[in-house]
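Residues per chain are reported as follows:
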Amino acid sequence: MINKTVQSLAEAVQNIHDGATIMISGFGEAGSPIELIHALIDQGAKDLTVVSNNTGSGNVGLAALIEQRRVKKMICSFPRTANSTVFPELYNAGEIELELVPQGTLAERIRAGGAGIPAFYTPASVNTPLAKGKECRVFDGIEYVLEKGIKADFSLVKCELADRYGNLTYHATARNFGPIMCTAAKTSIVQARKIVEAGAIDPEIVVTPGIFVNHIIEVSKPANESELVSQKLTYPW
Amino acid sequence: MVEKQINIGWSKTEMAQNVAMDIPDGSYVNLGIGMPEMVADFVPEGRELIYQTENGLLGMGAVPMAGQEDPELINAGKKPVTTIPGACFFHHADSFTMIRGGHIDVCVLGAMQISKNGDLANWSTGAANAIPAVGGAMDLVAGVKRILVITQHNTKDGKAKILNQCSYPLTGKGVVESIYTNLAIIDVKDEGLYVRKLGPNVDFEYLQKHTEAKLYQ
Numbered sequence: 001m002i003n004k005t006v007q008s009l010a011e012a013v014q015n016i017h018d019g020a021t022i023m024i025s026g027f028g029e030a031g032s033p034i035e036l037i038h039a040l041i042d043q044g045a046k047d048l049t050v051v052s053n054n055t056g057s058g059n060v061g062l063a064a065l066i067e068q069r070r071v072k073k074m075i076c077s078f079p080r081t082a083n084s085t086v087f088p089e090l091y092n093a094g095e096i097e098l099e100l101v102p103q104g105t106l107a108e109r110i111r112a113g114g115a116g117i118p119a120f121y122t123p124a125s126v127n128t129p130l131a132k133g134k135e136c137r138v139f140d141g142i143e144y145v146l147e148k149g150i151k152a153d154f155s156l157v158k159c160e161l162a163d164r165y166g167n168l169t170y171h172a173t174a175r176n177f178g179p180i181m182c183t184a185a186k187t188s189i190v191q192a193r194k195i196v197e198a199g200a201i202d203p204e205i206v207v208t209p210g211i212f213v214n215h216i217i218e219v220s221k222p223a224n225e226s227e228l229v230s231q232k233l234t235y236p237w
Numbered sequence: 238m239v240e241k242q243i244n245i246g247w248s249k250t251e252m253a254q255n256v257a258m259d260i261p262d263g264s265y266v267n268l269g270i271g272m273p274e275m276v277a278d279f280v281p282e283g284r285e286l287i288y289q290t291e292n293g294l295l296g297m298g299a300v301p302m303a304g305q306e307d308p309e310l311i312n313a314g315k316k317p318v319t320t321i322p323g324a325c326f327f328h329h330a331d332s333f334t335m336i337r338g339g340h341i342d343v344c345v346l347g348a349m350q351i352s353k354n355g356d357l358a359n360w361s362t363g364a365a366n367a368i369p370a371v372g373g374a375m376d377l378v379a380g381v382k383r384i385l386v387i388t389q390h391n392t393k394d395g396k397a398k399i400l401n402q403c404s405y406p407l408t409g410k411g412v413v414e415s416i417y418t419n420l421a422i423i424d425v426k427d428e429g430l431y432v433r434k435l436g437p438n439v440d441f442e443y444l445q446k447h448t449e450a451k452l453y454q
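For the record, the sequence lines run as chains H and V.
Residues 1 to 237 (my numbering) are what the first sequence spells out, left to right.
Residues 238 to 454 (my numbering) are what the second sequence spells out, left to right.
Worth flagging that the hints you see were computed from the coordinates, not collected in a lab.
We put the beta carbon where it would ideally sit given N, CA and C, even for glycine.
Some hints here could point you the wrong way.
Stated by the list, open to error - Okay, derived cross-link-like pairs now, SDA-like style, lysine to any residue, Cα gap no bigger than 20 Å in a straight line: (1) Lys46/H with Tyr144/H; (2) Lys186/H with Val207/H; (3) Lys410/V with Gly19/H; (4) Lys148/H with Thr320/V; (5) Lys451/V with Phe441/V; (6) Lys316/V with Lys186/H; (7) Lys132/H with Ala365/V; (8) Lys396/V with Asp440/V; (9) Lys410/V with Lys72/H; (10) Lys194/H with Lys396/V; (11) Lys315/V with Arg80/H; (12) Lys73/H with Ile368/V; (13) Lys315/V with Asn83/H; (14) Lys221/H with Val6/H; (15) Lys410/V with Glu143/H; (16) Lys315/V with Ile117/H; (17) Lys410/V with Gly94/H; (18) Lys72/H with Gly19/H; (19) Lys426/V with Lys132/H; (20) Lys148/H with Ala257/V; (21) Lys316/V with Lys151/H; (22) Lys73/H with Thr334/V; (23) Lys316/V with Lys46/H; (24) Lys410/V with Lys46/H.
Stated by the list, open to error - Covered stretches of chain V, going by a simulated chain H footprint (3 or more residues, C-beta under 8 Å): (25) 272-281; (26) 324-331; (27) 413-422.
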């Protein structure tokens, strides 16, 4: 029998190793798998490369992982957010590496990584510093830059409903990078607000097919990052 | 620079109105963060626009009432929004398929600098200690059919923003169609920058004095 459900957050993240590349879903706080990130902080893996649109806020979630000096490199499109101080301080101190990627290029690099496409040409960033040193080519009179797909060892993703096969739905704009990150990681680890019986999710509305998912853990009342930040909380509590 | 700016040119709301007037009925529109967001408040009577926000929503509605906010229903500026009836959600690769693939009709963006040939700089001053952050701006200017820029005509310390050449790192080259400032509406054409409309109490000479690039009438 296939059952991708695990019994604890600790079990969900137990195999993450030092030096791993980890994709973390979310756009700001929407879709950020805070409980899985906190489990990863407890677990201890370090020298991580993290692919995520932002760098977290306050001293919880992704910002807390960075604050614990566990991330050596961020690949993201927008490392600044309101209430984001941890990353800027480490970056200015030269203690964390940044690969800045246009948001659409980041999404397509992840999509390509998951789809077995090693690289692709995009018009975004041509004639800008972000295209520097990259191969450019003209198609039909328009210049494009070559960008490589990204694959990860793990992805940490937040979803709404999951079944034991790993079929997922999402909530509102918390979907963002989740579906493509599930496709691009060797091991996708998902926290679901609710795990339901197989068949309870109408096949017509499954967003992420279960084949892209490895471990599911139910977190029925996920924290809102902004609430933790406004309470000035720091993880580990 | 000691100059009386009072009663010269348009207010921010009037600037947003000017942009809104130039977006035709039925357009799919992406609004940048900040002043561009105001454009949604001034859609002329009888027009229906569909707003796309690049974090995965087509059919973005108004700001929610107090207490109705959902932290996972937000816009690209990470502020709470609502959905209109007929809205849909999608993941980031689909979102940028809409943007880069040329499916969005109009994008309204802010600017730090614009050059006479429509180059846009709006993501970084290039300063050594600045944390660079680009978001979706480079994808938007590369893929959206019409890029409209809304910006104050000059910087806070009175420097020109409409230049012969941008000194800041570019967001995109030759991408801007029209510029909506507090002093004028300016169209970027192959032959140069053409003033389409002057703001209240602004004459051409005054406008040119506040603009580095040469303007045409």
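Hint-by-hint comparison with the structure:
1. Distance check on the hinted pair: Lys46/H and Tyr144/H sit about 36 Å apart at the alpha-carbon level, beyond 20 Å; violated.
2. Proximity of Lys186/H to Val207/H is assessed by CA-CA distance (about 19 Å); at most 20 Å being required, the pair is judged to hold.
3. Simply put, Lys410/V and Gly19/H have alpha-carbon atoms about 38 Å apart, too far for the 20 Å limit, and the pair is violated.
4. About 34 Å separates the Cα atoms of Lys148/H and Thr320/V, which puts this hinted pair outside 20 Å; it is violated.
5. The suggested pairing of Lys451/V with Phe441/V holds, with an alpha-carbon distance near 11 Å, which does not exceed 20 Å.
6. At most 20 Å may separate the alpha-carbon atoms for a hinted pair to count; Lys316/V and Lys186/H exceed this at roughly 33 Å.
7. Under the criterion of a C-alpha separation no larger than 20 Å, the hint pairing Lys132/H with Ala365/V is consistent with the structure, at around 17 Å.
8. About 19 Å separates the Cα atoms of Lys396/V and Asp440/V, which keeps this hinted pair within 20 Å; it holds.
9. Between Lys410/V and Lys72/H, the direct Cα distance comes to roughly 33 Å. Violation of the 20 Å bound is thereby established for this hinted pair.
10. Using a Cα cut-off of 20 Å, the hinted pair Lys194/H and Lys396/V is violated, with the two alpha carbons roughly 55 Å apart.
11. For the suggested pair Lys315/V and Arg80/H, the alpha carbons sit about 12 Å apart, so the restraint of at most 20 Å is met.
12. Using a Cα cut-off of 20 Å, the hinted pair Lys73/H and Ile368/V holds, with the two alpha carbons roughly 14 Å apart.
13. This hinted pair checks out: Lys315/V and Asn83/H have alpha carbons roughly 12 Å apart, not beyond 20 Å.
14. Between Lys221/H and Val6/H the CA atoms are separated by roughly 17 Å; this keeps the pair inside 20 Å, and the hint holds.
15. Between Lys410/V and Glu143/H, the direct Cα distance comes to roughly 11 Å. Compliance with the 20 Å bound is thereby established for this hinted pair.
16. A C-alpha spacing of about 31 Å is found between Lys315/V and Ile117/H, which places the hinted pair above 20 Å, so the restraint is violated.
17. Distance check on the hinted pair: Lys410/V and Gly94/H sit about 31 Å apart at the alpha-carbon level, beyond 20 Å; violated.
18. Restraint check for Lys72/H and Gly19/H: satisfied, since their Cα atoms lie roughly 9 Å apart, inside the 20 Å limit.
19. Taking the CA atoms of Lys426/V and Lys132/H, the gap is near 28 Å; set against the 20 Å cutoff, the hint is violated.
20. A C-alpha spacing of about 38 Å is found between Lys148/H and Ala257/V, which places the hinted pair above 20 Å, so the restraint is violated.
21. Restraint check for Lys316/V and Lys151/H: the C-alpha separation of about 30 Å exceeds 20 Å, so the hint is violated.
22. Annotation: proposed proximity of Lys73/H to Thr334/V is violated, straight-line Cα distance about 27 Å (limit 20 Å).
23. With a CA separation close to 32 Å, the supplied pair Lys316/V and Lys46/H exceeds the 20 Å bound.
24. For a cut-off of 20 Å, the pair hint linking Lys410/V to Lys46/H is broken: about 40 Å separates their Cα positions.
25. With a cut-off of 8 Å between beta carbons, the segment 272-281 of chain V has 0 residues touching chain H; three or more are needed, and the interface restraint is violated.
26. With a cut-off of 8 Å between beta carbons, the segment 324-331 of chain V has 5 residues touching chain H; three or more are needed, and the interface restraint holds.
27. Only residues whose beta carbon comes within less than 8 Å of a beta carbon in chain H count, and the segment 413-422 of chain V has 0; fewer than three means the coverage is violated.
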